[in-house]
Structure formats: C-alpha cells, structure tokens
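These protein sequences, in sequence, are chains D and S. The end of the first sequence is residue 513 by this note's numbering, with every number in the run present. The end of the second sequence is residue 936 by this note's numbering, with every number in the run present.
No wet-lab data here; the hints were simulated from the structure. The C-beta atom is built at its ideal place from N, Cα and C for all residues, glycine as well. Warning: the hint list may mix true and false statements.
[Stated by the list, open to error] Quick look at which bits of chain D chain S covers, simulated, 3 or more residues with Cβ under 8 Å:
id: 1; segment: 82-94
id: 2; segment: 131-138
id: 3; segment: 378-390
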Amino acid sequence: MTHLVIAPVLLPLLAGILLLLTRPLLPLGVRRGLNLAAVAGQVALAVWLLTLVDGGAILTYNLGHWPAPFGIVLVADRLSVWMLLITALLAFFALLHAVRGTDRGSRHFHTLFQLQLFGLNGAFLTGDLFNLFVFFEVLLLASYGLMVHGGGARRVQAGLHFVVLNLVGSTLFLFAAGTLYGVLGTLNLADLAVKVAALPPENLGPVRAAGLLLLAVFALKAALVPLHLWLPAAYSSTSAPVAALFAIMTKVGAYCLLRVETLIFGAGAGELAGLYADWLWPLGLLTLLLGSLGALAATELRRQVAYLVVVSVGLLLSAFGLATPAGIAAGLYYLVHTTFAAAAFFLLADLIAEERGSLADRLVPGPTVRRVGLLGGLFFFTALLVAGLPPLPGFVGKFLVLRAALETPGWPWVMAVILTSGLLGIIALGRSGSLLFFATQGATNQGDSIPSDSPGKSGGSAWPTLGLLALGLILLAWSGPALEYCAAMADQLLDPQGYIQAVLEPPGAGDER
Amino acid sequence: MNLLLVVLVPLVGAGLTGWISRFGRMKSAWMTGGLTLLSLACLAPSALAPFAGEVVVRRWPWIPEVGLDLAFRLDGLGLLFAIMILGIGLLVVLYARYYLPERDGLGRFYAYLLLFMGSMLGIVLSENLIQLLIFWEMTSLSSFLLISYAYRKQESRTGARMALTVTGLGGLAMLGGFLLLGEMAGSYELSVILTQGDAIRADPLYTPMLVLILLGAFTKSAQFPFHFWLPHAMAAPTPVSAYLHSATLVKAGVFLLARLFPVLSGTPEWTWLVIGTGLATLLIGAGIAFFKHDLKGLLAYSTISHLGLITLLFGLGTPLAAVAAVFHILNHATFKASLFMAAGIIDHECGTRDMRRINGLWKFMPYTATLAMVAAASMAGVPLFNGFLSKEMFFAETADFSSGFEYGWILPSLVGLAGVLAVAYSLRFIHDVFFNGDPIDLPKTPQEPPFWMKAPVAVLVAICLLVGVLPALTVAPLLKIVVAAVLQAPPPAFDLAIWHGFGLPVVMSLIALFGGVLVYTTRRPLFKLAERVEGQLLAKALHDWILAGLLHGSALATRWLDSGSLQRLVLTLVLSVLALGLVGFLDDGSPLTGPRAILPIDGVSLFMTAMLILVATATLVLHRRRLTALIVVGAMGLLVALIFVKFSAPDLALTQLSVEIVTIVLLLLALYFLPQHSPDESSWARRLRDGGVAILAGAGAGALTWSILTRPFDSISDYFLANSLPGGGGSNVVNVILVDFRGYDTLGEISVLALAGLGIHALLKDLRLPGLERDAEGRPWNWDLHPSIMAALTRLLLPLALLVSVFIFLRGHNQPGGGFIAGLITAVALIMQYLTNGVAWTHSRLSGNMYPLIGAGLLIATLAGLGSLVFGYPFLTSAYTHVHWPIVGDFELASAMIFDLGVYLVVVGATLLILIHLGLMHQASHPGPNQGEESL
C-alpha cells in the first residue's frame with residue numbers, strides 16, 4: 001500500500017491550510033508562488049501515479065487501516081489518475097491566468113482554489129459512495145466561494161441559483177446513498193457492485209430507483225439535459241480563471257456517471273445491467289442539440305462558450321452511453337480535449353473582453369480590437385478546436401465517437417445529431433468571430449454586461465491560453481498513444497472484476513490489526 | 001517523404017510568410033513563390049511514377065487503432081491536380097503581387113493562400129479518406145479566411161460566412177458518408193476501398209452513404225441547390241477568385257467524384273442524382289451568367305455552369321465520359337483562371353466591374369483584350385481552343401448516353417441549350433467589354449497593366465491554344481494516366497482531335513455557336529425581363545430564410561428554457577427526479593413493501609409524528625411571516641432531536657440540538673436584512689401546481705423510505721459495533737465512526753464547514769446592506785442593544801459553558817459527546833456573548849480573527865492523520881492506550897482525540913466567523929448610535 005495514493009488529496013488540503021494561515025503574513029507574490037508550486041506538485045504527483053497504474057495495476061489505500069468495505073478506501077486506477085492529471089494541468093494554467101490580478105478580487109481566492117482541488121482530487125480517488133458525497137460538498141462549497149469571487153450582482157445571483165440547486169442535489173444524493181445502504185448494507189463502491197450483482201429480484205425496485213436518483217445527481221453536476229440550465233448563467237458570470245477551472249466540474253459528474261455505469265450497473269449487474277447507458281445516450285444527444293441552439297442564441301461570448309460546454313457534455317455522455325469499449329475510449333479522449341479547449345476559450349474570452357472596454361464580450365460590432373492579430377488568430381484556432389473542426393483534436397474526438405457509434409444500433413441518431421450540432425457550432429462561432437473581429441463599426445450602448453475582472457488592464461498575457469491550446473496540440477500529435485491509453489482505461493472499466501478484487505481482496509489482506 | 005513535404009512546405013511556410021512580411025511586402029511575395037516552387041520540386045522525384053503505371057503510397061502511423069494514419073498517394077489523378085494547384089498557384093502569386101494595393105502588407109494574404117494551397121494539395125494527395133476529409137475542411141476554413149480578406153466590407157463577411165456554412169454542412173455530411181464507407185470497406189485507405197466497388201454498391205447502406213458523400217461534393221463544387229455561395233464568394237480579392245474558383249476549391253468536389261468513381265458510380269442512384277444535379281446546375285448557371293452585369297458575377301455563374309457540366313459527365317458513368325470530365329477539369333482551370341485574372345485587370349484599371357459601364361476597352365488595352373478574348377472563346381467552345389475539344393466530347397457523350405432511352409432527346413437538347421447560353425455569355429464578355437461603343441463614366445482611365453500582371457494570363461492562354469491545336473501531342477499522355485487512375489482500369493481508347501468527322505456533336509456545336517450569337521443580339525429585351533425576376537433567386541433567399549429562422553428559433557427556444565428563474569430550475573430538477581424514481585420503481589414487478597414485520601404503533605411515536613405534521617403544516621401556513629415561520633422551523637428541529645432520543649441516539653440528539661440553535665441564530669441575523677413578510681406573489685394556479693409537485697415529491701420520498709424500512713437490514717454496521725472498542729479504543733461507536741472508521745469523511749466535512757465560513761466571509765466583505773429603520777408595524781427599531789441583566793448573566797455562564805464543552809469533548813470517545821458537539825457548545829456560549837454584549841465588547845476581549853483558529857483546526861486534524869504515516873500505517877490510523885491518572889482514574893487516550901480537537905477548533909472558528917460577519921453587517925447597517933463601534 002503506497003501512501004502516494006493519498007498524496008494528491010493531502011497536498012492541496014495542506015496547501016490550502018498553509019495559504020489560509022499565511023494570508024496576512026506573507027506578501028501576495030509569495031503566496032501566488034506557493035499556490036503555483038502546490039499545483040505543479042500535483043501535476044508531478046499525477047504523472048508519478050500514472051507511471052504506477054499504466055501497467056493496469058489498481059492501487060488501493062485503506063484509510064485508518066480499516067479493511068474494505070468497512071473503512072473508506074481510495075482507489076487509483078487508470079481513469080482516476082487520468083482525471084487527476086487533467087485536473088492538475090488545467091488548474092495550473094487557470095491559476096497562471098488568475099495571478100495576473102483576478103486573485104485580488106476577494107480575500108481567500110488561493111485557499112479556495114486549493115480546497116477546490118482537494119475536493120476534485122478526493123472525488124476522483126474515492127472508492128466509497130458516502131465519501132464521494134462528502135467531496136461533492138467540498139466541491140460545492142469551494143466552487144461557490146470561487147464563483148462569487150469578485151462579487152457583482154449578476155455573479156451573486158448566479159451563485160445563489162447554483163448553490164440552491166446543488167443543495168437539492170445533495171439532498172437527493174443522501175436519499176440515494178441512504179436507500180442503497182438500507183437495501184444493500186454497504187457504501188463501498190466495489191462492495192455495492194458485488195451486492196447489486198447478487199440482488200434478489202424483490203429488491204430490484206428500490207435499488208433501481210436509488211440508482212436513477214444517483215443518475216439525476218450526477219447528471220445535475222454534469223449539466224445533462226434537462227438539468228443543464230444552471231450552467232450557462234453560472235459559468236458565464238464568474239471570473240475567467242474560475243470558469244476555466246470549472247471546465248473540469250462538469251467532468252466530475254461525467255466521471256461519476258461513467259464509474260457507476262461501468263462498476264455497479266455494468267454487464268455483471270444482472271437485471272440492472274445497462275441502467276445508465278439507456279438514459280445517457282438519448283439525453284446526451286438532446287443535450288447536444290439544445291446546447292447548440294443555446295450557443296447560437298447567445299448574445300455574449302462567455303455565455304456562448306458556456307453553452308458550448310453544455311454541447312461538449314452532450315457529446316461526452318453520448319459516447320459514454322454507448323457503453324462499448326470504443327465508445328468509452330472515444331469519450332475519454334474527447335474529455336481531455338474538451339476540458340482544455342473550454343478552459344482556453346474562457347480565458348480567451350476574458351482577454352477579448354478586456355480589450356473591448358465597455359462592450360466587454362457582447363456580440364455586437366465595436367471598434368477594432370487592439371492586438372487583433374493575436375486575439376483574432378487565437379479565437380479562430382480555439383473556435384476550430386471547440387467546434388470540432390479539422391485538423392485539431394476536437395475533430396479527432398468527434399470522429400472517434402462517431403466511429404464507435406457505428407457499432408451500436410442507435411447510430412443514425414447519434415450521427416445525425418452530432419453532425420447537425422457541429423454545423424450549428426460552425427454557424428454560431430462564425431457569427432461571433434465575424435462580429436467580434438470583422439464587423440468593426442462603432443456601436444456602443446452600455447448594457448448589463450459583466451466587465452472583465454481586470455478592467456482597464458488591457459494587454460493581458462495570452463500565455464496561459466496558449467499553454468492550454470498547446471496541451472490540445474500535444475494531444476493531437478500523440479493521439480495514437482493517448483487513444484491507446486483511453487482504450488486501456490475503457491477495458492479496465494468494462495471489466496470491473498479487477499477493481500472489485502483490488503478493493504475487497506487486496507494482496508496483503510491478511511494483516512488485520 | 002517527398003509527398004509529405006509537398007503538403008507540409010506550404011502549410012508550414014504559411015506561418016513563416018506571415019512573419020517575414022514584417023520586413024517588407026516583397027519578401028513575403030518572394031517567399032510564397034519560392035515555397036510553391038519548393039513544393040513543386042518535392043513533387044518532381046515522384047512525378048514520373050504515374051506515367052510508368054505506378055501508384056506511390058507513403059504511410060506514417062498516427063492513430064493506428066482506428067485506421068487513421070497519415071498516408072499519401074500519388075497517382076495520375078493526384079498528379080494532375082497537384083500540377084494544377086501548384087502551377088496556377090504560382091501564377092496567382094505573381095499576379096496578386098501586382099493586383100493588391102501598395103498599402104496591403106501582403107503577409108496575411110500570402111499566408112492564407114499558402115494555407116489553402118497546402119490543404120488543397122492534401123486533398124488530392126491523400127490515401128486515407130479521413131485524412132482527406134481533414135484537408136477538405138481545412139480548405140473550407142482557409143477559403144473562409146481568404147474570402148473575408150477585406151473583412152471591413154459587409155459583403156466579404158457575408159460571403160465568407162455563407163461559404164463556410166454551406167461547405168461546412170457538406171463537410172460534415174461527408175464525414176458521415178466516409179465513416180459509413182470505411183465501415184463497408186473495412187478501411188479508410190483508398191487502396192483498399194477502390195478494389196471493393198461491387199461489395200460497396202451492394203451494401204444496404206449504399207444509398208445513405210452515397211447521398212452523404214454527394215452532399216459534400218456538391219456543396220463544395222457549388223452544385224444546385226447549393227450553388228449560391230459561390231457568387232457571394234466573389235467578394236474575395238480577384239487573385240483569390242482566380243485561384244479558388246478555377247482550379248482548386250470548387251474542383252475539390254469534382255475531384256472527389258473522380259476519386260470515388262470506381263466505387264460509387266454505375267448505380268441508378270448515382271446516375272439519377274449526379275446527372276440530375278449536374279444538368280440543373282449546368283443550365284441554371286449558364287442562364288444566370290448571361291444576365292449578370294458584374295464581370296466577376298458572370299464568371300462566377302459560368303463557373304457554376306461548367307462545374308455542372310463536369311458533374312453531369314461523371315454522372316453518365318461511362319469510361320469515355322470520365323475522360324471528357326477529366327479533360328474539361330483541366331481546360332476549365334486554364335481558361336477560367338485566365339479570365340478571372342483578366343477581369344481583375346479590368347477592375348484594377350477601370351475601378352468598376354459593371355459591364356454596362358465598361359465598353360470599348362479594345363482601344364485602351366489591346367493586349368489584355370486579345371488574351372481575354374482567346375480565353376473567352378475557349379470558354380464558349382470555339383474550335384482551335386481547348387474548351388472546344390472537351391465540350392465536343394461532352395456533346396458526344398450525352399448524345400451517346402441518351403440514345404437508348406425513350407425520351408432520350410431531352411438530355412441532348414437541354415445540353416445544347418446550355419451550349420447556346422455559354423456562347424451567349426462568352427460573347428457578352430467579349431463584345432460588351434472590349435467593343436460596344438465607349439466606356440461610360442469610369443472612375444479611372446484604363447490603360448495596359450504592368451507586364452508581369454499580364455504574364456500569368458498569357459501563360460494560361462498559351463496553354464489553351466497549345467492544347468486546343470495540338471491535343472494529342474500535349475495532354476494526351478497525361479490524360480491517359482489520369483483516366484487510368486479515375487477508372488482504376490486501363491483507359492479506353494480515345495482520340496483527341498479537332499475534327500472527328502461530321503456527326504451529332506458537330507451539329508450541336510454549330511447550333512450552340514449560332515444560337516448563342518442570336519441570343520446575344522436579342523439581349524436588351526431579355527435583360528429587361530431579367531430585371532423583373534431579380535432578387536428572387538430561390539436558393540440564396542432560402543438560405544437566408546433558414547438561417548434567420550434558425551437564429552430566431554434558437555433564441556426563442558433558449559429564452560423559453562433558460563429563463564433565469566431559480567424556481568424553474570428547481571421544478572425541472574424535482575420533476576426529473578420524480579420521473580426517474582417512478583421509472584425505477586415501476587419498471588419491474590418488485591413490491592414496494594418488503595417482508596419485514598411492522599412494529600405496533602406506540603403513543604410516543606404517534607405523538608411525535610402528529611407534531612411533525614402539525615409543525616410542518618404550520619410552517620407552510622405561516623411562511624409569509626418569516627420570523628414566526630423560522631421559530632416554527634426551530635420547533636421542528638427540536639422534534640427531530642426528540643426522535644433521536646426516542647431511538648436511543650443521544651449523540652445525534654445533542655448534535656441536532658446545538659446545530660438547531662446555531663442555525664436559528666444565524667438565520668435570524670440574516671433575516672434582519674430581508675423584509676419581514678413575504679409578499680403574496682404566486683397565482684392560485686401556480687400554487688396548485690407547486691403544491692401538487694411538493695406532495696408528489698414528498699410521497700416519493702416517503703415511498704422510498706417505506707420500501708427501505710420494510711426490508712430486512714443487513715449491513716456492515718455490525719462490524720463497527722464489534723470493532724469500536726477493540727479497534728478504535730472507544731465505546732461510543734458514533735464518535736469512533738466519526739473520528740476513526742470514517743475520520744476521512746469528517747476531515748472532508750470540517751473542510752466544508754471551513755469553506756462555508758470563508759465563502760460567507762468573502763461574500764460579505766464589501767457588502768453594505770441597508771438595515772431596517774422600522775419594523776413591519778411601523779415601530780422604530782429598538783437601539784437598546786444589550787440588556788444589562790442578560791449581559792451579566794451570560795458573562796457568568798461563559799466559564800460554565802466552556803467547562804461543559806471540555807467535558808463533552810473529553811468523554812466523547814466513550815460516552816455521548818465529541819469534538820463536533822463540544823465545538824458547537826463552545827460556539828453557542830460565545831454567540832451568547834456576542835448577542836448580549838455586542839461585537840465590540842466581545843472583540844476587545846477575544847480576537848475576532850477566526851482564520852488562525854480554522855486553519856489550526858484543519859492543520860491539527862490533518863497532522864493527526866499524517867502521524868500514523870510515521871509508523872508505516874495509512875493516513876488516519878489511530879492508536880490508543882490506557883492511562884492511569886491519579887484522582888481522575890483509568891481512561892483511554894486515543895490519538896483520534898487529537899483529530900477530534902481539530903474538528904472542535906474548526907467548528908468553533910467557522911461558526912463564529914459566520915456570526916461575526918453577519919453581526920458586523922448589522923453594525924454597519926445601523927444608522928443608529930453604535931456607528932463608531934465597528935473596529936474590525
């Protein structure tokens with residue numbers, strides 16, 4: 001049992017505490033450096049863990065030295081570690097953007113940032129349903145704090161909606177976890193899988209209902225239609241680095257859906273096999289369509305990007321819903337791309353808004369943007385990335401999903417919707433780019449738009465944005481190995497026996513205390 | 001390697017060219033020309049292979065798992081296109097350098113042009129279909145950049161976006177088609193696909209696949225009804241039009257028809273779709289071209305018409321038709337490129353492109369006029385020029401094809417009509433522009449352009465002539481290998497000659513020539529007629545209408561869905577959950593009620609249930625009077641605490657009790673800033689709806705609980721009971737679960753509490769809310785803040801309360817209690833000080849800065865967990881020992897107690913932090929006497 005498994009959780013927690021305690025003592029520059037170092041440390045930890053699980057090993061960590069399923073267990077398999085790595089990389093660039101000055105907006109930005117990572121890493125590593133609930137709470141509170149960071153009426157309103165809705169979600173989570181515990185008598189995910197596989201038929205009803213309640217909880221987090229409507233307001237009104245970091249938040253929901261879909265309601269679940277998959281792909285497709293319409297209708301760039309996040313969730317969950325090795329692998333490849341792309345777009349939207357003064361990011365013709373070459377070029381590139389156009393990884397991801405869909409009976413639907421939403425995306429982004437960069441007549445009426453968080457500070461560094469875009473290019477160039485890893489992840493997920501054995505029958509199970 | 005370089009040189013060079021233009025506009029022109037030549041040079045080593053009947057294929061692995069590799073292929077077809085792309089590209093580079101105004105830096109232009117050139121080369125040299133599609137989309141994107149080059153003009157933006165939308169639609173459809181095709185053939189490699197024509201044509205999914213791929217080809221090649229984007233793309237600078245609309249972009253579509261000809265052609269679906277589309281495009285394009293007054297407009301529609309012609313030829317599906325099609329691709333590229341360049345010269349020299357004003361240019365620019373006239377004659381299909389040869393083959397093939405059908409004469413007559421129109425518009429181009437009187441009111445006086453601007457035109461026109469006169473010597477060998485590549489079979493015998501003997505084609509050519517002249521002479525009444533129907537061009541109007549509808553519709557739909565109402569969000573969530581829960585339960589026949597025996601109802605339970613229902617109803621009834629409702633809610637919390645007592649859970653009861661008190665106090669503080677009464681806003685229908693939803697949700701939760709409670713409970717909790725004392729060193733199982741079995745959860749939860757404190761602090765920092773001056777009954781607020789008797793009493797109580805909390809904390813591991821409860825008790829004791837003595841008084845005795853407390857608490861809890869790592873045990877492993885202290889006696893000391901201390905500190909800190917900041921807001925909001933008291 002290596003302690004490395006818990007390090008990605010403890011490092012942000014300790015860093016968060018340190019940043020809280022040193023707030024009045026150390027100057028801001030030092031604290032920024034500390035925060036960045038802590039995030040870089042998490043990148044390193046994730047890479048290290050990746051080398052350990054790459055061969056297919058599943059690392060477990062029994063907290064308090066209590067054997068599973070009685071204590072809480074952490075599980076690091078390929079998927080968890082992959083998510084850790086994406087999170088840490090994303091956080092690094094989001095933070096790099098924030099230290100330009102956004103972090104002055106409220107007192108505890110740096111502490112909240114690290115505790116948000118604590119919540120994310122905890123959620124990805126846990127192998128226990130109730131512990132997942134706890135980390136959902138950590139995530140919710142930290143993201144609420146970050147979301148309203150900087151203040152302003154619209155932001156606070158969106159934050160309130162976000163927190164109220166998620167509290168209802170948390171309550172539902174408790175209902176679901178309680179029901180599962182009441183019927184199955186355990187909270188350990190692996191143990192739940194074992195119990196569900198051997199479920200007597202008279203208990204199907206409550207377990208299925210609880211499973212679907214969990215689906216609703218995770219779908220709310222992931223912003224799946226019809227539970228997606230909180231996202232556009234929340235993401236478009238918060239500050240840029242926070243919105244960028246939130247690119248991973250919907251993926252927490254998607255991760256949980258995938259985990260439960262494959263582990264608990266996978267092929268071995270008897271009557272309940274495929275419980276999630278049957279819901280995921282039709283709802284995913286609907287999400288794609290409604291998200292695309294929203295992107296088309298948006299009158300502000302940030303709102304458009306937020307809707308494009310919804311679109312990506314739709315594609316991602318449609319892929320996961322295919323429940324085939326190729327589908328899940330395609331989804332996981334797409335997940336990496338879309339996380340970085342969406343984050344880059346949020347950061348870029350901020351840079352553009354900074355240059356446009358009072359017009360901010362509203363999609364109306366304005367005076368020529370300063371640095372039009374750089375920003376226009378970045379916009380063009382990012383738009384291609386997000387719209388899934390060649391030759392960028394968005395296209396590869398979309399191609400992989402479509403290819404995987406061909407093996408399933410619902411392929412005409414999947415293909416029709418994905419291609420249509422692609423076209424809508426092109427139209428929407430073409431329109432925005434044209435309005436922001438090409439149509440440069442004057443037209444200024446002040447509206448209720450959110451100014452950038454560093455107002456009057458134009459010429460902000462584009463390096464964090466470029467960094468995220470570069471990550472996309474790296475993914476593109478190494479698409480072969482990346483997809484190989486994704487396929488290995490999918491295989492590991494679809495054969496949950498390995499996970500169950502690693503948790504419930506660890507090699508050194510003999511040494512009880 | 002060289003094939004990869006052919007494509008990579010322009011693509012990589014694009015960035016370089018954009019950069020080098022900083023050092024002078026000429027540098028980027030030379031750079032672009034050099035790169036084009038370099039790319040040609042890279043092509044040269046392999047250029048002879050196709051003549052020897054070889055197909056060069058080179059592969060580099062990229063994503064081998066899904067059959068997606070970088071694979072390039074050079075055969076006759078690819079070679080022809082590559083030569084056209086690079087050759088005409090070179091001429092366009094030269095031409096553009098003189099065409100674009102001096103103030104233009106050229107760097108951006110040439111960079112886009114190279115990007116486009118590289119993408120186009122990628123299409124024609126691709127072996128892998130998906131890779132082909134990647135380059136295909138890249139041409140759409142780079143042409144978007146080129147068309148929108150003069151982006152300050154509205155028409156450039158519209159044209160570019162229209163092109164992107166239409167070709168984007170086609171590209172996506174084609175992706176679908178290619179995926180299906182790849183699935184059928186088992187590979188995306190052309191080498192494999194081209195050998196499986198029969199199997200693919202027999203596939204049940206052949207028709208959808210064909211339609212999808214044709215959509216891609218037709219949109220790109222501006223076939224009816226997608227043709228409308230092309231004339232709007234004329235907003236691009238003329239060099240771009242000369243390049244994109246003669247040899248490259250629009251030819252990509254017909255290239256694809258040629259590429260997949262052996263696989264897709266020969267079925268009725270193919271024949272009908274391709275011939276029908278081609279014919280419609282041929283006629284409509286030719287018809288409209290004649291009526292265009294804009295020089296480039298005429299050329300644009302003529303391009304559409306010629307693309308229709310090529311498509312129609314591929315639709316015929318015979319080997320000889322394929323020969324004609326390929327030949328015409330080449331011929332059209334040469335004469336159309338030169339015509340566009342000539343039109344550009346005229347525009348450049350006259351400052352307008354309106355043929356109603358440009359007349360009699362012969363006198364001003366005789367050399368240019370000669371060149372343009374030769375090219376236009378070729379376009380019309382006049383003998384001795386290359387256009388004539390392919391056009392006659394076209395006439396021959398259509399006549400041949402339709403000879404077997406009953407109404408076979410229709411096709412040749414329509415084709416003949418198109419020939420007539422082609423002659424008419426070519427004649428108009430010649431006569432209107434160069435003769436027909438004198439120019440009318442031109443902005444500039446035209447003169448001959450610089451030599452190097454004419455040179456590219458001259459080169460192309462020379463090719464037109466050379467091929468037209470000596471076809472067998474010049475193009476025949478090339479044509480042979482191209483056709484072999486298109487057919488994937490030995491080419492049919494064909495004879496390229498000006499005179500084939502008298503026959504139907506010659507008659508058709510003659511009719512076309514004389515008919516065209518006739519139409520041109522009657523043009524004036526025809527123009528008048530055309531003016532009346534102008535603006536009702538169906539396809540473009542339809543496109544605009546669809547797009548506007550789409551925007552409007554999506555705005556409506558989104559506004560309806562995304563109304564920004566929290567109530568709506570919650571309603572959606574609750575309804576979704578209800579639906580999911582219902583489906584979950586009803587999907588199979590498992591019973592709601594389990595087999596467990598139901599206990600008899602006792603008086604206490606009955607009373608409590610009744611009270612709960614009563615209190616809940618009271619909350620509902622009283623909810624408009626917020627203060628009262630809050631107190632009633634408090635009563636509900638107390639009832640829950642009593643229920644815990646009833647079910648022997650003293651820990652929970654204690655926790656519930658203290659949590660309830662703290663919550664109510666905090667809520668009271670917050671309520672101060674809100675109106676005391678909720679206004680009556682909802683309609684009855686709304687209330688009925690919400691009531692119904694609430695009852696359903698409650699019933700659902702009840703049913704779920706019922707289903708659990710009536711089932712036998714067999715869980716891991718026995719393990720906790722058995723191991724609490726021997727393993728965790730405490731007999732209070734609840735506390736051992738909190739700090740040991742599931743200490744990790746507790747660590748998370750105290751972080752949540754800390755986060756709540758920090759979040760609220762961050763939120764309230766700069767918030768200044770106005771407080772109330774008067775209450776709802778109009779009585780002024782009471783400024784007597786701190787009643788002295790109460791203050792004295794609570795000061796006395798404080799040490800006692802703290803003692804109790806220490807006691808509760810210490811006994812926690814074995815008796816009801818623990819850090820959480822102790823923390824709450826301490827918090828309550830301190831809150832009382834704040835309430836009765838005021839923030840200022842308290843702060844003078846106790847620091848209001850709670851972060852160190854919270855941080856220390858979290859740190860202690862984490863370090864307590866980390867301690868076990870030193871001994872080689874996992875995080876949060878506890879150890880305990882028996883200690884004997886004199887007087888106190890025997891007790892157990894567990895390391896988990898340190899963890900519990902952390903919990904205690906965080907609870908105290910976070911609770912007080914929230915309270916203090918809400919309290920401080922009060923101070924700030926009071927206009928009353930305590931203004932100066934705020935000192936934090």
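Evaluation of the provided hints:
1. Only residues whose beta carbon comes within less than 8 Å of a beta carbon in chain S count, and the segment 82-94 of chain D has 0; fewer than three means the coverage is violated.
2. Counting residues of the segment 131-138 of chain D whose CB lies closer than 8 Å to any CB of chain S gives 5, so the stated coverage by that chain holds, three being the minimum.
3. Beta-carbon proximity to chain S at under 8 Å applies to 4 residues in the segment 378-390 of chain D; the threshold of 3 is reached and the given coverage holds.
Hint 1 alone, counting from the list given before, is not met by this structure.
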